[in-house]
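2 protein chains.
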Amino acid sequence: MTRSIIEQEVLDRVLPTDAERSAAQEMGNKLIAAVYEVAGVPAMMTGSVARGTWVRGDKDIDIFMLFPPEISREELQEKGLAAAYAVVEKFSGTAEEKYAEHPYLNAVIEGFDVDLVPCYHVSSTAEMQCAVDRTPFHTRYLLPKIGNLREDVLLLKQFAKGGGVYGSDHMTGGFSGYLCELLVLAYGGFSEFMQAASEFRYGEVVDIEKYYADTKIVRGKFSEPLIVIDPTDKDRNVAAALTPTRFAEFMELARDYCASPSPQYFVADPPTQMGMNEFAATLQKRGTAMLAVRMKTPPYVADTVVPQLRKTMESMKAMLVAEDFQIHRAEVSMGAENSLILFELLIARLPEIVVRSGPPVWNHENADRFVEKYLMQEQFAGPWIEEDRYYTEVLRKYTTAESLLSDKSKILSGSLGKHVRQVMEEDGYEVLAGVDVWSLEFSFFLSAFFARSSHAIRKLREIRGGQE
Amino acid sequence: MTRSIIEQEVLDRVLPTDAERSAAQEMGNKLIAAVYEVAGVPAMMTGSVARGTWVRGDKDIDIFMLFPPEISREELQEKGLAAAYAVVEKFSGTAEEKYAEHPYLNAVIEGFDVDLVPCYHVSSTAEMQCAVDRTPFHTRYLLPKIGNLREDVLLLKQFAKGGGVYGSDHMTGGFSGYLCELLVLAYGGFSEFMQAASEFRYGEVVDIEKYYADTKIVRGKFSEPLIVIDPTDKDRNVAAALTPTRFAEFMELARDYCASPSPQYFVADPPTQMGMNEFAATLQKRGTAMLAVRMKTPPYVADTVVPQLRKTMESMKAMLVAEDFQIHRAEVSMGAENSLILFELLIARLPEIVVRSGPPVWNHENADRFVEKYLMQEQFAGPWIEEDRYYTEVLRKYTTAESLLSDKSKILSGSLGKHVRQVMEEDGYEVLAGVDVWSLEFSFFLSAFFARSSHAIRKLREIRGGQE
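Chains as they are written, first to last, in UniProt numbering: chain A, 1 to 468; chain B, 1 to 468.
This is chain A alone, in the form it adopts within the complex:
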């Protein structure tokens, strides 16, 4: 398929330059040699740099250090980290430990963002001892196949970046680089894939190596909206981290692009930031009640913390709803220092009265206890019988959503994320209301919250806006 002018112009912008290419390759080779020098084990470059499928300007180099499978996990971690530190020192870089299944080093070396990851040197995925052992196989699989499709991969990656659906971290829940490469490979090109994607349905199956006899079997095994069987491991869905929302957004982006292509689909929206005055004016206009719970960010990666923040938010939402506070919208944000759980409520203050449901009349013992407790109350009505149960009116425990969120023992009784709970227990948390919800740290997040639109819509709006 010939490239459109739009796509050719995108490629002119995102194809790595020759200088970039050789610099990255050279850096990779030096790192591999250094690993051998300090640890006596082979290493390989993985990821997009290794496969020549990176977007111009990306400076990510992934080096996997291949340790013999005989050593223990402890030894692997210990030797791996030691080797990584030695490599970083050798190049006078700076490093930070990160935690996935086991610790690895994220370093800045000569301007490159380098991950130094220890793994086992196994001869097939069947012998894998941990998840990272799989990564080298991805490069081994793709390298001989992706040569002619590099430009197509770059177009898809840039399209996904432009549409805000690139990245398989939990914050994004979008398309990983490996997934983009497999999809281009499966459909034979960028345009071919885009046409197919614009007609996708939930439960779409892509099985390049035809491991399964039919799609029914695959759908019985995997439940995600997009199922791309890993050619290096038939029991794994490469698109497992893709959320239903991102999947649907991508389909709409693809549909819009196919119907009316524009270079703007390949341009990522710059994030916008909201000042305190603008925040206050927005609250005024919306007429809702804003509340937020702010806590220190637990010292773990986003893939660990963000799902925990979501779980915590769901628990708080359920408590608010159970106490009659109706939620308009809610969202979480993980910042470097603090994390925020944001609630936008229809109403944050309720009358003092509430109906309390008592035991069924058939339960004589509890019925008597309930009646005894509320029999002589003067304040409100009740007790009364309705159908087969006692009820009474009592004073509402939480007349404001703020007082509920501030009740630490109540909040901590919920089903919270482990590390989030730990931080809330040990360091406490703040409940912010109204304009106090705003802070510089969350000014981007709050702006995105109020502007909430799918990327597909934002693209359309930019394009329409540009036409008018």
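In case anyone wonders, no lab produced these hints; they're calculated from the structure.
These figures come from a predicted structure and were not determined experimentally.
Please note: incorrect hints may appear among the correct ones.
One copy or two, either will do: identical chains are not told apart, so a pair holds if it fits within one copy or between any two.
DSS-like mimics (lysine-lysine), calculated; alpha carbons at most 25 Å apart, straight line [said to hold, decoys possible]:
1) K373 with K285
2) K59 with K98
3) K285 with K397
Chain A is already provided as a structure; the job is to place chain B on it using the hints.
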């Protein structure tokens, strides 16, 4: 069983006097003779007066005029009403037509409240042509059996009156006189029945004539909480009009009475009335928002109108809840002039913003239409995709519950009671808010609404209050 002092004192109060007895009997005989005279058909006294089971001071005489089964329904109605009017004229009484399955006359004659009801003179319930044909059989069945149990029946009736659960009309949903008689007959006395009732469960079966082999069959046929097979018609549950609430209330009254008897259980609460100032103070204390819909009362009996008011209330409740207005409590009242549907809301005003749910993204045509419609909106956020569906924020249609209830075409689009709808369509309706909800006509109803307590509880409270 010997009578307790409490029960004996009640009987001293409620047993009809000899003078009452002979006056009622005499009046009945005169009416029967008059029916024969004006219409040439036999008649019989039914109901409690005929069976000697009425409470002192009751002045209700039911006369059933027995027309030959050969005549048509039209003829029965025509001749029946003509005969009734002739009888009333003969005694210089006053009369009002009422409507059950067919019209009958409710008259005041020499101080008695007389119902003159035409029915077919059939020889068994199998030959019944309309529901009222059954009534004479009740008297024929009970008369020979109830003789020794008259005092017990009176005690039960007075107990039910005291507890607010006497009367099978739709407003009360309680125990009819016939039901009280059958229950006393089935259990062999007042005390015996009270003991049994205090241990009742949902789906209790009383089958005096043992028409059914076991209670399972009965429960398969009837679903009401209390099932009393009519000895004159095995396909009828005499307790069909008893609501679950009244059933449960009676059980609790019986249980309380058996545990600690008091004469107060046999004394009906005088209804209390609430003045406008008290109403305003109550609203203030409760902090809720009161709204009411007031319309003319349709010209039908309570058994027709009250269920229609309830149906209308349910329709309005569903609309309010669908528009995010949370209801604390709601109730209806049928007055002589006007009827009222009362809503007590947690909040009656909401912010202008609301999330509108759009089509699934898979429905390309509707998705495009939705996006097109909301794409360039400035006011709020959206559209966005969540899971597989489009959403957007829009202006709320009803920011106050009052504006929703005032939207006549919206309200009339609901599932309303037939005659209530007719009145609302033709004569309109008013929406009242806050202190304007109060009017003299509903001052008793509003008092009961706010004092809401089961009769069982009120009795207990009176008794406790008296002890303190």
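Here is what the structure says about each hint:
Taking the shortest Cα distances, K373 and K285 sit within 25 Å of each other only across copies (21 Å), while inside one copy they are farther apart (46 Å). Proximity of K59 and K98 under a CA criterion of 25 Å is satisfied intra-copy only: 18 Å inside one chain copy versus 91 Å between copies. In the homo-oligomer, the alpha carbons of K285 and K397 lie at most 25 Å apart only across protomers (16 Å), although the nearest pairing inside one protomer, at 30 Å, exceeds that limit.
Hint compliance for this structure: no hint is broken.
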